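**Q** Single-letter residue listing:
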Amino acid sequence: MTLDSKVPSGPLADKWDKHRFDLKLVNPANKRKFRVLIVGSGLAGASAAASLAELGYDVDCFCYQDSPRRAHSIAAQGGINASKNYQNDGDSDFRLFYDTIKGGDFRSREANVYRLAQVSTHIIDQCVAQGVPFAREYGGTLANRSFGGVLVSRTFYARGATGQQLLLGAYGALNRQIHAGKVTMHNRCEMLDLVLVDGHARGIITRDMVTGKIERWAGDAVVLGTGGYGNIFFLSTNAVGCNVTASFRAYKRGAYMANPCFTQIHPTCIPVAGEHQSKLTLMSESLRNDGRIWVPKKKKDTRPAPSIPEDERDYYLERIYPTFGNLVPRDIASRAAKNVCDDGYGIGMSGLGVYLDFADAIQRLGRDVISQRYGNLFDMYERITGEDPYKVPMRIYPASHYTMGGLWVDYNLMSNIPGLHVIGEANFSDHGANRLGASALMQGLADGYFVLPYTIGNYFATEHQEQVTTDHPAFGEVEAEVKGQIDRLLAVKGKRTPASFHKELGKLMWDHCGMSRNAKGLEQVLQRIPELRQEFWENVSVTGAGMELNQCLERAGRVADFLEFGEVMAHDALGRGESCGAHLREEYVSEDGEAKRDDDNYCYVAAWEYQGDGKEPALHKEELVFENVELTTRSYK
Amino acid sequence: MSGLTRCLGSSIGRKGLMGITGILLSLFLIAHLIGNLLVFAGQDAVNHYAHALKANAALLWFMRGGLFLVFATHVYLALSLTAENRRARPVKYVQEHTQVASLASRTMVLTGLLVLAYLIFHLLHLTKGVIGHEAWSSKLPDGSQDVYTMVVLGFKSPILSGVYLVSMALLYLHLSHGLKSFWQSLGWNHPVYRPLFEKIGTGLAAILVIGFASIPLTILLGVIQLPGGGN
Amino acid sequence: MKLTLHIWRQKDAQDKGGMVRYEVDGVSEHSSFLEMLDVLNDGLIEKGQDPVAFDSDCREGICGMCSLVINGRPHGPWTATTVCQLHMRAYRDGDTIYIEPWRAKSFPVLKDLIVDRSSFDRIQQAGGYVSVNTGNAVDANCLPIGKPAADQAFDAAHCIGCGACVAACKNASAMLFVSAKVGQFAVLPQGQTERKERVLSMVEQMDKEGFGNCTNQYECEAACPKEISADFMRMMNLDYFKSSATTS
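Residue numbers (our numbering), protein chains in the order written: chain A, 2 to 638; chain B, 123 to 353; chain C, -2 to 245.
If you're looking for bench data, these hints aren't it; they were derived computationally from the structure.
There's no promise every hint is true.
[Stated by the list, open to error] Just so you have them, the derived chain C footprint on chain B, three or more residues with Cβ under 8 Å:
#1 195 to 207
#2 211 to 219
#3 224 to 235
#4 238 to 246
#5 269 to 282
The structure displayed is predicted, hence computed values, not measured ones.
Cβ atoms here follow ideal geometry from the backbone N, Cα and C, with glycine treated the same way.
Only chain A is shown next, with the shape it has when bound in the complex (with noise of 0.2 Å):
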């Protein structure tokens, strides 16, 4: 099959607006007629739900959360850029186009990038007109700050809870459906499949997750708004629930996932305690605006960080890039931090660890206007670590904080199964190799306030289906599996928790499918994942009963898709004989350290579909065309 991104033609500023005109539109007075399932209610669900339902159709959304005002979009921290130029500082969505094409080190589709580009500055204005709370210059206009990998000011922010902001917007307008009976709601309620009927994506079996109950869901479109898959890692800044089911079990049905080896290390993350530790913590990327990245430049220095004097640090980042310095893109600024501590530099008791410090910028600005810019981060800074940022720098170190890659779609946001659409992180679509700071809540919403809208409403009139209900016998076969999964979970009565499965596979993907990889670490991954799974099924244990509230139930399903999931990883990231962005593979850097990109190898969309339990997934490609940027070696020096 071959992979037919539907990208419009014309120039490139002009192919949305053209293919906006192109798609076919769905009789007002029968929208009503269309129900739409979507999985997910972070910001691209909750947008997507609520504009749909605006429009007219028919939706039920779901969340494994007890609420929708809980999804993880809710934690990040910095900022959402547009293009609006308010800053007078040369921005435009040419110049926010090509800054997230450079970094994503040329690996995403110009026209989808351009696209989220022009979008950027409607989201603004919806959002402001909800009453989402942006920061404020005293003369009443919005705000801005800067991210890493730009030189202009584009940043819309809310304190250290831009995320939040933007989602509980989106949740009202979500609300304000659900009062209005356009949208159903399912709270703790888990996608575990998708079901096809004719090759169209036609409904989905979930679980309730208070009773147990498995149910089944028929729709005209499914939209997945399921978001990233970092938890792979065990250790990330995801939620804990956060999980790669419902794309995995998608990609199990047919849907190509493309690229699963972009993920991005987040450089700023507070470093690693002790065993038992759950997740990392991340400090926003904007401290990067005032805080120094440095280590000592006596390899082991166990001095306290305030008594090393200033001629015997090193602020790498600085040295190495000097037009950005502390404001490299995120995979740089993670790779030189793992690069110093892997030469012996490294910072406190694990030697995994860099200094951020806010000296400077404390004598420069005064605490008063750092603890207004931070005081939420320092603040939730110490009670994590008992160290007060205002006194001693802090320490961070990278961490798994969001995947690139995803399940593949075309420019209408459609993967290869027919009406199975997927927005925000859980596509592959805008970010390529490497995703900038603030782009990530620019995508969810875009996705979902202003392209899904408008797409599935083409799909909608181009591909007329016959009715559905859940009595087809698709819907029964792919129940009976999903039970048969959860039976087969309660039969292994082991001795091993989930988490220590979780644990042990995310160690070998942090090690070998991490922040670096070469060929021999990833043999070993694929070698070591199926014995791993196989000990899963055969010695796992899980109490309780498939009918009730079961978390260790709930956590055992999760881990045996991240089992399967990370072998697909693992042949991306095997396949990808380059580096580029985020995936850096050890034979292929520069005499200085830096990514080796190959175009004329690997200029390509990876997209793998499932070919059987066991067997290794086919690689269908999709070739980039660029065809107003140069692709040039990223330099941030």
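Given the coordinates of chain A, work out where chains B and C should sit on it, guided by the hints.
**A** Relative to the frame of chain A, chains B and C by itself:
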């Protein structure tokens, strides 16, 4: 549904009404205290005041009726709101912990009911004369009631005075929360001046209660004596 | 360190439930409180016993999912901190810790320490938004909003909807939660059009859900992990009276 009925059916509306009736009752207490303090001005002043009140029977009964209505509303709302509050937490915590709620605020219903009991006692004592009938029957030479003598005679009893003093302590607890709470319930509080408003509330409660308590106390201590200085 | 835990166990919504005593050993002071429970649960699962069910998701203090009453205090002893950010530094070797679910009629227990907070969602659905369809917005800077108003709106909007206010309130009142959303829109120009209707219907829904009545004790404010000010309740009271008086 009209705005008013909706409001009076709601939690916020009923709390507001608690506040308003509380303020009215406090205003009554202020007036009552001013009247009572005439004891310090001597027998004639008190009796003159008492007779003036009784002379205007229509006004007196109108005021009494109004007062009763306000009081009954206050008590009824307190009981119904409390019953709802109890229902809102059917299972109690095994470990209870209080961070900031004052003792007064946590015992409003208890102090309120005890003050109600005291009030009945008070009416039976000084208004109806069922308790301490002998003192209540004190007469002036013209045959009218000698309120001054009744009060002084009554409070000479340590038991009766004790009941009054304990009741005043309970009333203080009740008012100290009530008089700082109504600012909030009625939306008149202020983020900056909240502490000041609260001090005004507790201050007023203290003044009221000290004022009331000063009468039995001074009588017990012999500062105020029977007409002619006799014991 | 070694700790004695007394944890509320309740099989399902119908079960009566009760406190069960557990001993945990080898707890690191660097662990978070929830990681301490993870360790307890790992031990239970290895023995084939039902682990303690509790809610948590982001574990960085923003999703509002975690909801434990520890020694009588929602979210435990640290101020302005959710349970997930509470660390075991707060305890000493040999301590006894009581862990209970949020207690309110409107938050029925589903299992162990997990409660159903859908009543909060229904209150929000009753009007906690500005009715603006996607695509209707004018340029964001067409609506200047002074920094003080924007900051105040944020202070209210920062509520994470965890329900600690209800859990802490002696009367299980939801006033602080409701007033935070009402207050956010009351101080913003975007919220004015629906201001009256919003406060009336959100309060009506709050009452319908069976929460208790506020008695101005401010336990909610003290327990709130996001330090939402009780002044928003004062504002809502006034707003409610004004709206009632001017709405037929």
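**Q** Output the numbers, in ascending order, of every earlier hint that fails for this structure.
**A** 4, 5
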